[in-house]
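Trainee: Be aware that the sequence shown starts at 9, since it is given in the numbering used here, and climbs by one per residue.
No lab work stands behind these hints, which were simulated from the structure alone. Keep in mind that the hints are not guaranteed to be accurate.
Simulated crosslink set (DMTMM-like; lysine to aspartate or glutamate; CA at most 20 Å straight-line) [to be verified]: (1) LYS61 <-> GLU71; (2) LYS54 <-> GLU293; (3) LYS284 <-> GLU260; (4) LYS159 <-> GLU71; (5) LYS159 <-> ASP175.
Here the structure is a predicted model, which is why all the values come from computation and not from measurement.
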Amino acid sequence: MTTNSRVAVIGAGTMGHGIAQVCAMAGYQVALFDPMPGATERALGKIAENLQKGVERGKVAAEDAAATRERLRAAADLRDAVADAGLMIEAVPETMELKESIFREAHQSAPAEAILASNTSSLSVSRIAAATGRAERVVGLHFFNPVHIMKLLEVVRGRDTSRETVDAALAFAARIGKEPIVVTDTPGFASSRLGVVLGLEAMRMVEEGVASPQDIDRAMELGYNHPMGPLKLTDVVGLDVRLGIAEYLHGELGGEQYRAPEILRRMVAEGRLGKKSGRGFYDWEGK
């Protein structure tokens, strides 16, 4: 994938720790960093739990789980994480200014040949790349939750991303067992642009009393063979995340299909953010 087998993951939340896990399982030495106190340590603990569950279910060999844990380390800061990395993957919240600051610092601290990637689900990779002096080596690597289970990896080619960088990203995808698609840097890329429309329309149907969230989801699962309905998926992703993406896409692309429905705004204001808060379109407390 890169000139070495060291990966830095910046951001240790749901996506970050999942990305760190799959990279370590694929044989990469992984440095994980999150500026929030205790976040990195909690993420490493969550990875250990996931690996243990894999062992108990017979999906991961005990020696592979142990080797994966050995390949992971908590970095002291961003500079420490990227200092010897061949690839950095940023997985912080969807705020352009935050991502730009991370890429600016990473460019200054990472080896010149390192590739800098963002896990953004909708923001402009080209704009993120402009914060660095190596736009040709910046690419989007959009993973899906849960990272250790979902097969898709969306490779986003920025305006200045080189062919060599895209090829390296595809080789990386193969090594970690993902199936990649390549998309150009347009708002929402392919997956978010389509997925958000489906999710927002499902919310409008709930708002209009067409059917219950459970029955709307069941229609997509049984009628269209979706593994998870759009409303349950919204709960898993986070209603606040979906609202942010919808507002961004509506601002960039226009169109009523991207306008966030009132039910979404109200639920976010009430703190009903989905699985992470215990309640969304479904009740997750105790699960």
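Trainee: Each hint should be assessed against the structure and marked as holding or not.
Mentor: Hints, verified against the model:
1. LYS61 <-> GLU71: holds, 14 Å
2. LYS54 <-> GLU293: holds, 19 Å
3. LYS284 <-> GLU260: Violated - the C-alpha atoms of GLU260 and LYS284 are around 28 Å apart, more than 20 Å.
4. LYS159 <-> GLU71: violated, 23 Å
5. LYS159 <-> ASP175: Measuring from Cα to Cα gives roughly 18 Å; hence the hint holds.
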